[in-house]
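Chemist: Construct the complete structure from the given sequences, taking the supplied hints into account.
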Amino acid sequence: MASRSLQTLLFVSLQFLGQVAGLEEVSDGQCDCYLTNATSKNYFTTHNFFDFRDLEQYARIPRPIEDPDDSSAADETSQYFLDANWTNVWGIQSWNNSETVDSGDVPVLLVNSPNNIYIEKNRDENPSSNTFMTMRTMRYQDFQSAAEFESISKAYHFLSVRMYARTIGAPGAVTAMFTYRDSDDPTQLNAVQESDLEIRTMDPKDKVQYTNQPSYAKGYDVPEATKNATTPVQADWTQWSVHRMDWTPKDTTWYIDGSQVASIAFQVPRDPSQVIFNAWSDGGEWSGNMTTGSEAYLQIQWIEMVYNSTGNEKTTDKRDETTSALSLSNVKRDGDERCHNVCSIDDTPTTGTPVLLQGAASRISDHILGLGVAYIWIPLLLATFLV
Numbered sequence: 001m002a003s004r005s006l007q008t009l010l011f012v013s014l015q016f017l018g019q020v021a022g023l024e025e026v027s028d029g030q031c032d033c034y035l036t037n038a039t040s041k042n043y044f045t046t047h048n049f050f051d052f053r054d055l056e057q058y059a060r061i062p063r064p065i066e067d068p069d070d071s072s073a074a075d076e077t078s079q080y081f082l083d084a085n086w087t088n089v090w091g092i093q094s095w096n097n098s099e100t101v102d103s104g105d106v107p108v109l110l111v112n113s114p115n116n117i118y119i120e121k122n123r124d125e126n127p128s129s130n131t132f133m134t135m136r137t138m139r140y141q142d143f144q145s146a147a148e149f150e151s152i153s154k155a156y157h158f159l160s161v162r163m164y165a166r167t168i169g170a171p172g173a174v175t176a177m178f179t180y181r182d183s184d185d186p187t188q189l190n191a192v193q194e195s196d197l198e199i200r201t202m203d204p205k206d207k208v209q210y211t212n213q214p215s216y217a218k219g220y221d222v223p224e225a226t227k228n229a230t231t232p233v234q235a236d237w238t239q240w241s242v243h244r245m246d247w248t249p250k251d252t253t254w255y256i257d258g259s260q261v262a263s264i265a266f267q268v269p270r271d272p273s274q275v276i277f278n279a280w281s282d283g284g285e286w287s288g289n290m291t292t293g294s295e296a297y298l299q300i301q302w303i304e305m306v307y308n309s310t311g312n313e314k315t316t317d318k319r320d321e322t323t324s325a326l327s328l329s330n331v332k333r334d335g336d337e338r339c340h341n342v343c344s345i346d347d348t349p350t351t352g353t354p355v356l357l358q359g360a361a362s363r364i365s366d367h368i369l370g371l372g373v374a375y376i377w378i379p380l381l382l383a384t385f386l387v
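Residue numbers (my numbering): 1 to 387.
The hints are simulated quantities; they were obtained by calculation from the structure and are not laboratory data.
Positions of the beta carbon are idealized from the N, C-alpha and C atoms, including for glycine.
List time: in silico DSSO-like cross-link candidates among lysine-lysine, alpha-carbon distance up to 27 Å:
id : residue 1 : residue 2
1  : Lys-207   : Lys-250
2  : Lys-41    : Lys-250
3  : Lys-205   : Lys-121
If you anchor each label on the Cβ, the simulated ranges turn out as follows:
id : residue 1 : residue 2 : range
4  : Lys-41    : Phe-266   : 20 to 28 Å
5  : Asn-130   : Trp-86    : 17 to 25 Å
6  : Pro-349   : Lys-250   : 27 to 35 Å
7  : Ala-73    : Thr-100   : 16 to 24 Å
8  : Val-268   : Pro-171   : 28 to 36 Å
9  : Trp-286   : Ser-94    : 22 to 30 Å
Modeler: Next up, the structure:
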């Protein structure tokens, strides 16, 4: 216990010194593991970053497809979504809900289309990027055209996932970022494991719904599973904001622009899962029913994840998933060469580029030696702690 507390104290010291002197930006190949800045210090083994901010060569808005079969069978909208950097991690979906439509609370046929995921020129008045990725959902007379991509791997086992994004458009749609593990029995909804960030465009623009599913069972709601949170001031979901979800063994915690907005320890997913992003509606009471001809969009400038995984479970056979790592509770820290170089994606001045925490102490000390602090403050702090 003392060892873990001491290690946490060391990393706090390193982070403080890094803020004073500037931590070294490094490549992922120089990092053995990653430490987040959450209150509960969490270690992860792998980092991914997907940057949609400067992809003008792929930018075009595809014409909507009005036939449900043609929409489902559409090709990807650009070469970006065919390159291995994307397809090794993500799979764009084309499934529909025809098996459940018209039953219960699902009155509208939902059809996912690759045509609804594309790179778009940023035409904001003062754009913060050249381009972004758009996920479009649109209501036709006979069906709802939707967008979804999900991780090829089902083996994510605890993570911190972030997107710099906004949601805009007509009421009646849902945009989401979530982890998901299906039940082996599709009739057992209460066996699903899922942590959600969901925005409903019929809700007030300062409200976001966070859930550890299932939020209902046997006809009744499970209130402990859901938090309807208020966004920070001037961070409503139509504005560009960093939406973050940390899934750990103890809880799932959500942040907007670095401010914690919700945390749920009830029904925390236990088992390896996949990661999914979507924009959709099925005309039901929960999502709302979009007016024919109306559209809504999830627009994303970048996605970043640090995570652990447990093997090579796959959602499809499109690619072999070779990533294998330790689960969060088993990441070794003390005297383990696999975690010698500890990096951060939170303390970096450059989004997507990690900085070195552990292993950088001597360099930081050299940088601030002129302040007369480094070789005095840390030993005194540790001595006080050990007394």
